[in-house]
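Participant: Going down the list, the protein sequences come from chains P and B. Residues in the first sequence are numbered from 1 upward in steps of one, following my numbering. Residues in the second sequence are numbered from 1 upward in steps of one, following my numbering.
Treat the hints with caution; some may be incorrect.
[What the hints assert, rightly or not] Output of the computed footprint for chain P on chain B, the stretches with three or more beta carbons under 8 Å from beta carbons of chain P:
#1 69-78
#2 136-145
#3 231-243
#4 361-375
#5 379-389
#6 404-415
[What the hints assert, rightly or not] Going by beta-carbon spacing under 10 Å, a handful of chain P positions derived as facing chain B:
#7 61
#8 76
#9 252
#10 253
Worth flagging that the hints you see were computed from the coordinates, not collected in a lab. The model shown is predicted, which means the values in this text are computed figures rather than measured ones. Using N, Cα and C, we set each Cβ at its ideal position, and we do this for glycine too.
The residues making up each chain are set out below.
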Amino acid sequence: MTPIQPAPSRAPRPESEARTGWLLTAPALLAILVIALFPLAWTVWESLHEHDLRMPWLGRPFVGLGNYLTILHDARFWQALGHTALFAIISVTVELVLGLALALAMNRGFRGRGVVRAAVLVPWAIPTVVAALLWRFIFDSQAGIANVVLTNVGILHHPLVWFVHAATAWVPVILADVWKTTPFVALLLLAGLQSIDKELYEAASTDGASAWWQLTRITIPLLKPAILVALIFRTLDAFRVFDLIYVMTGGGPGTSTEPVALYTFNALLQNLEFGYGAALSVIIFLVTFALAMLYMRGLGLDLGGPRRR
Amino acid sequence: MRLLLLLPLLLTVSCTSGQPEDRRIVVTFSGSALGAEGELLTRHIARFEQANPGIHVRIQRTPDDATQRHQLYVQWLNARAGEPDILQLDVVWTSEFAAAGWLLPLDRWKPDAGAFFPSTIAANTWANSLFAIPWYMDVGMLYWRTDLLPHAPASMEELAADAHSARSRGVPYGIVWQGARYEGLVTSFVEFLGAFGGRILADDGRVVVDSPEAIRALTFMRDLLTSGAAPTDILTWHEEESRFAFQNGAAAMMRNWPYALTLLKSPTDSRVARKFAVAPMPGAPGGAPTATLGGGALAINAFTEHPDAAWKVVEFLTAPEQILDRSKLSGYPPRRALYDDPRLGEILPIPVPLARSIVEHAVARPATPIYSQLSELLQIDLHRALSGQLPPDRALHDAARDMNALVERTHVRELVAGSAR
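Could you build the full structure based on these sequences and the hints that come with them?
Facilitator: Next comes the structure, spelled out in structure tokens:
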């Protein structure tokens, strides 16, 4: 934002320059105001009201933090938050480990590497709803592909109705997410790997360091920024998970796979409870925001900062 | 937010303001108007315009999916849009829209409510006024395999026994219904509930779905699942999955709506084309055979500029001739006298006396403005009970507690008394 013109000149110049600067950034600031800040402020304002589109007889009374207090005592919300955390932790962990393995493999020189790198991205390129329908189909009926394969291999004795039990309903959901987003993580990490200086490995090898030592002492520390980016993207995405679960389980059985985003969608767009739904949205916003801050601090890194060698 | 809601409205309004020379009053009809349904509607509207040269009816297609149509209507009416003038309502929406003040009470035109089945009138009545005229009736029925069972089960006990005996003879599923967590689960439940003598709402508007009768009904359903008479797969099934199973010969009995009938009779697609019949869902001790009422009704937008013209359209579309003609699609006529009309026999795919016996058992789901929210709460706990997460009594107790809390919070009982309007 500060002018980098070194030109030494008369006194009023910086002022007019500042004005030009503001003028030039005004459209962008206005756009941010209109499309980001205004809706956010409006949502916060809405969340302080009891506003139910389907019950106009209740009016739209100001209730202060009433909606938030209700959320505090809303068992379904806390369960949904728990489900979201469970989903985020398991899926992101698996995706990171698998993604790292994939990235390491793709980083080696072998014939057809370009093709493999492109092919790996296919699941990620498939729209989530399509992927969800695909996995739903695989696990759906007792005669579904998953059941047939697993019983033939001998892992299952009877075909399982996956989506009917709280615990098993998570399996296809997490599998689908891992299948779909591991390539994305792998690619991010691959980019990180390629920026590591090869000489470090050569030096380590000369000193007789084992492959494991090289991985844990060179690769992973230097990969930290890339891991951080992947973690932030994936955790925030996982925290807002909606379409995958909406399509696969609809939050069921009961509400045992319902994430906060689905619960909010339900309140906001199914039941048209604008006040309560807005309060839920604000909470999701705060939680994701806090998560992002936590990562930045906790990992002791600032994004885009200079790489230390 | 208001502005956002207005957007679809502006679009529709800008589309409608053509034909400046036309002096006719223009009223807009909105509803599902695809395929055969659309053709039939266009034909009826043409007939109407011929008889009423001063009125032009524009058909505005809305999504076929009920939930989407509902959302659209709520947004329009919240913005107090005067169009569409005529709304096609699902039976469970009437009280919601009426209580919101979005519908015109039809009493001033003195509709002949006595000509319709009482259940259809009850579903479309709110605070002692009629707000929508029944257009067609959907009712839950029992489809059963004539090659596997000697006769339709006469009681719930027999139904369970039939399901087991069919299974022991190698049929994969004894009975199937709609068990996924959605409105269909409640429609299925209402039939078991009525069979055992329970209800969802008492006359005073309190939720009584945790009564001993209701617990017996839900326990019976759960036992069908745990004993294998019904597959647990149905807990993810909607209407179509149930129909596929029955159509492929995998199920001995099925609960479903009348639409399945024509499809199941198709000799090319159906393996059971000549091997099934329909019957009312059976009763049980303490209750009566029950068919959940579904279907459509026509109502008038409270913000319309042409109430009388709109009424003429509604009156015409729900007149005996048009309703009779509409029974060619699916569903049954809500007008009682039509069941004595010999022409109905040629139209309905099942014998008229059988149709009458099913339709007479129709029970409306609770006519309350918060029906959808109550239903959602009930769906969750029904699904928990049927998937084994909670015992039936606990589940229904939880459901009743949450539902009653909603009833209190929204003051609907006072609304019924008329104090809030």
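Participant: A separate judgement is required for each hint: does it hold in the structure or not?
Facilitator: Status of each hint after checking the structure:
{"no.": "1", "hint": "69-78", "verdict": "holds (count 4)"}
{"no.": "2", "hint": "136-145", "verdict": "violated (count 0)"}
{"no.": "3", "hint": "231-243", "verdict": "holds (count 5)"}
{"no.": "4", "hint": "361-375", "verdict": "holds (count 4)"}
{"no.": "5", "hint": "379-389", "verdict": "holds (count 7)"}
{"no.": "6", "hint": "404-415", "verdict": "holds (count 3)"}
{"no.": "7", "hint": "61", "verdict": "12 Å, violated"}
{"no.": "8", "hint": "76", "verdict": "8 Å, holds"}
{"no.": "9", "hint": "252", "verdict": "4 Å, holds"}
{"no.": "10", "hint": "253", "verdict": "4 Å, holds"}
When held up to the earlier numbered hints, the structure conflicts with 2, 7 and fits the remainder.
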